[in-house]
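Participant: Here is how the chains run, residue by residue.
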Amino acid sequence: MQSQTKVVAPDDRQEIIINRDFELPVELLFKAYEQASILEQWMGTKVLKLENKRHGGWEFETTDPLGNKHIFHGTIHEFVKGNRFVRTFEMENTDFPAQLEFFEFQSVTPQTSRLEMRMIFRSIEDRDRMLQLPFAKGINMAHNTLETIMLNNI
Amino acid sequence: MEVRRDVFQAIADPTRRAILAMVAVKAMTPGAIALEFDSSRQTISKHIQVLSECDLLRKEVIGREIVYHLEGQKLKEIADFIEPFRGMWDKRFDKLESLMKSLQQNKQA
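Sequences listed follow chains A and B, in order. Numbering of the first sequence is given in full-length UniProt numbering, commencing with residue 1 and proceeding in unit increments. Numbering of the second sequence is given in full-length UniProt numbering, commencing with residue 1 and proceeding in unit increments.
These are computed hints drawn from the structure, not numbers from a lab. All C-beta atoms, glycine included, are put in the ideal place defined by N, C-alpha and C. It is possible that part of the hints are untrue.
One-sided excerpt, in silico: chain B residues whose CB lies under 7 Å from chain A [as the list claims (entries may be wrong)]:
1. Phe37
2. Cys54
3. Arg58
4. Ile82
5. Arg86
6. Asp90
7. Phe93
8. Leu96
9. Glu97
Mimicking DSS-like on lysine-lysine, the simulated pairs with C-alpha atoms at most 25 Å apart in a straight line are [claimed, not checked]:
10. A:Lys49 <-> A:Lys69
11. A:Lys49 <-> B:Lys95
12. A:Lys6 <-> B:Lys91
13. A:Lys31 <-> B:Lys101
14. A:Lys81 <-> B:Lys107
15. B:Lys46 <-> B:Lys26
16. B:Lys95 <-> A:Lys6
17. B:Lys107 <-> A:Lys6
18. A:Lys46 <-> B:Lys91
19. A:Lys69 <-> B:Lys95
20. B:Lys59 <-> B:Lys46
21. A:Lys46 <-> B:Lys46
22. B:Lys91 <-> A:Lys49
23. A:Lys31 <-> A:Lys46
24. A:Lys69 <-> B:Lys91
25. B:Lys46 <-> B:Lys91
26. A:Lys81 <-> B:Lys59
27. A:Lys31 <-> A:Lys53
28. B:Lys95 <-> A:Lys46
29. B:Lys74 <-> A:Lys31
30. B:Lys95 <-> A:Lys31
31. B:Lys91 <-> A:Lys31
32. A:Lys6 <-> A:Lys53
33. A:Lys6 <-> B:Lys101
34. B:Lys95 <-> A:Lys81
Here are the simulated distance ranges between beta carbons [as the list claims (entries may be wrong)]:
35. A:Glu40 <-> B:Arg17: 38 to 48 Å
36. A:Pro97 <-> B:Thr43: 32 to 42 Å
37. B:Gly31 <-> A:Lys69: 57 to 67 Å
38. A:Pro97 <-> B:Glu53: 25 to 35 Å
39. B:Gln105 <-> A:Ala36: 19 to 29 Å
40. B:Glu53 <-> A:Lys69: 36 to 46 Å
Throw the hints in and build the complete structure from the sequences for me.
Facilitator: Structure (structure tokens):
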């Protein structure tokens, strides 16, 4: 698959922009975010709550390789099916402030689509702290471990 | 970790970014760098000092002159810093794509 994920973290703005092209119709791409049972599979997380509507809430639970559970949650501010949603993102039991996240889904051709995620942080320092390795690595490890567990159980 | 944060602060400043862009093209003396800016030589010299302390510039003494080179390795480390995060999303999205493709095929079958 040659399509790659692009991540831009401008050094003078407190945001991260993630772009990715998919060989999927936009409806299917959106569905991967909308349906809890599908989201659980590719995010490697347990969906405790997912209310896809204005003023709805969401809550995910991820287990790391050591068996520790991490809760992520937030509020959905806007939800336009097949098009976009806006939510807040917060990690429980950490000193990271809430983030604001914009997800925009675009149809490129009938069979391809594009996703842009824009994460806005409280400050540049908070953004850089989040980007600093252990967190991303830890989540990635958890993800890989779950992947292995799932594959072994099939 | 502390050092790394300093590097980000160093490159957050537009004047310092301009200095990096200039020495990336060719090594320059502090005097030649200062000539490119309206700020005082002293201000520019302070910026050069910050960049040197973060290992973004390398000093070379040629005869009686000092020239500054760009330290490419350090900039590469900054790019590498985003890579684990990007890699995490790339893997997730690969998985999303293959999962949805198989769902799509199952439906068509």
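Participant: Hint by hint, say whether it matches the structure.
Facilitator: Structure-based check of each hint:
Checking Phe37 of chain B against chain A by beta carbon gives a least distance of about 18 Å; that is not within 7 Å, so the hint is violated. Nearest Cβ of chain A to the Cβ of Cys54 of chain B: about 13 Å, over the 7 Å cut. The hint is violated. A hinted interface residue such as Arg58 of chain B counts as satisfied when its beta carbon comes closer than 7 Å to some beta carbon of chain A; here the least separation is about 21 Å, so the hint is violated. Nearest Cβ of chain A to the Cβ of Ile82 of chain B: about 5 Å, under the 7 Å cut. The hint holds.
Interface hint at Arg86 of chain B: satisfied, since its Cβ lies 4 Å from the closest Cβ of chain A, which is below the 7 Å cut-off. For Asp90 of chain B, the shortest C-beta to C-beta distance to chain A is roughly 4 Å, which falls under 7 Å, so the interface hint holds. With a least beta-carbon distance of about 5 Å to chain A, the hint placing Phe93 of chain B at the interface is held under the 7 Å criterion. Taken as an interface hint, Leu96 of chain B checks out: its beta carbon lies about 4 Å from the nearest beta carbon of chain A, inside 7 Å.
The interface hint given for Glu97 of chain B is met, as the beta carbon of that residue sits about 5 Å from the closest beta carbon of chain A, less than 7 Å. For the given pair, Lys49 of chain A sits about 16 Å from Lys69 of chain A by alpha-carbon distance, which is consistent with the 25 Å threshold. For the given pair, Lys49 of chain A sits about 22 Å from Lys95 of chain B by alpha-carbon distance, which is consistent with the 25 Å threshold. In summary, the hint linking Lys6 of chain A to Lys91 of chain B is supported, as the alpha carbons are separated by about 12 Å, within the 25 Å threshold.
A hinted pair counts as satisfied when its Cα atoms are at most 25 Å apart, and Lys31 of chain A with Lys101 of chain B qualifies at roughly 12 Å. With a CA separation close to 21 Å, the supplied pair Lys81 of chain A and Lys107 of chain B stays within the 25 Å bound. Taking the CA atoms of Lys46 of chain B and Lys26 of chain B, the gap is about 20 Å. The hint holds against a cut of 25 Å. Proximity of Lys95 of chain B to Lys6 of chain A is assessed by CA-CA distance (about 16 Å); at most 25 Å being required, the pair is judged to hold.
For the proposed pair Lys107 of chain B and Lys6 of chain A, the alpha carbon gap of about 31 Å is over 25 Å, so the pair is violated. In summary, the hint linking Lys46 of chain A to Lys91 of chain B is supported, as the alpha carbons are separated by about 18 Å, within the 25 Å threshold. Of the pairs offered as hints, the one joining Lys69 of chain A and Lys95 of chain B holds, with about 22 Å between alpha carbons and a cut-off of 25 Å not exceeded. Under the criterion of a C-alpha separation no larger than 25 Å, the hint pairing Lys59 of chain B with Lys46 of chain B is consistent with the structure, at around 14 Å.
Taken as a hint, the Lys46 of chain A and Lys46 of chain B pair is broken in the structure, with Cα atoms around 51 Å apart against an allowance of 25 Å. A C-alpha spacing of about 24 Å is found between Lys91 of chain B and Lys49 of chain A, which places the hinted pair at or below 25 Å, so the restraint holds. With a C-alpha separation of about 17 Å, the suggested pairing of Lys31 of chain A with Lys46 of chain A holds against the 25 Å cut-off. Under the criterion of a C-alpha separation no larger than 25 Å, the hint pairing Lys69 of chain A with Lys91 of chain B is consistent with the structure, at around 21 Å.
Pair hint Lys46 of chain B plus Lys91 of chain B does not hold up; C-alpha atoms about 43 Å apart against a cutoff of 25 Å. The straight-line distance between the Cα atoms of Lys81 of chain A and Lys59 of chain B is roughly 56 Å, outside the 25 Å bound, and the hint therefore fails. Straight-line distance between C-alpha atoms of Lys31 of chain A and Lys53 of chain A comes to about 14 Å, which keeps the hinted pair within the 25 Å bound. At roughly 16 Å between alpha-carbon atoms, Lys95 of chain B and Lys46 of chain A fall within 25 Å of each other, so this suggested pair holds.
At roughly 41 Å between alpha-carbon atoms, Lys74 of chain B and Lys31 of chain A are farther apart than 25 Å, so this suggested pair is violated. The hinted pair formed by Lys95 of chain B and Lys31 of chain A meets the criterion: a straight-line CA distance of about 14 Å does not exceed 25 Å. Between Lys91 of chain B and Lys31 of chain A, the direct Cα distance comes to roughly 18 Å. Compliance with the 25 Å bound is thereby established for this hinted pair. The straight-line distance between the Cα atoms of Lys6 of chain A and Lys53 of chain A is roughly 28 Å, outside the 25 Å bound, and the hint therefore fails.
With a CA separation close to 21 Å, the supplied pair Lys6 of chain A and Lys101 of chain B stays within the 25 Å bound. Of the pairs offered as hints, the one joining Lys95 of chain B and Lys81 of chain A holds, with about 22 Å between alpha carbons and a cut-off of 25 Å not exceeded. For the pair Glu40 of chain A and Arg17 of chain B, the supplied restraint of 38 to 48 Å holds, since their beta-carbon distance comes to about 42 Å. Taken as a hint, the range 32 to 42 Å holds for the pair Pro97 of chain A and Thr43 of chain B, whose Cβ atoms sit roughly 33 Å apart.
In this structure the supplied range 57 to 67 Å holds for Gly31 of chain B paired with Lys69 of chain A, their Cβ-Cβ distance being about 59 Å. The hinted range of 25 to 35 Å is satisfied by Pro97 of chain A and Glu53 of chain B, whose Cβ atoms lie roughly 29 Å apart. Evaluation of the 19 to 29 Å hint for Gln105 of chain B and Ala36 of chain A yields a pass: the beta carbon distance comes to about 22 Å. Between Glu53 of chain B and Lys69 of chain A the C-beta distance comes to about 42 Å, which sits within the given range of 36 to 46 Å.
Hint compliance for this structure: hints 1, 2, 3, 17, 21, 25, 26, 29, 32 are broken, all remaining hints hold.
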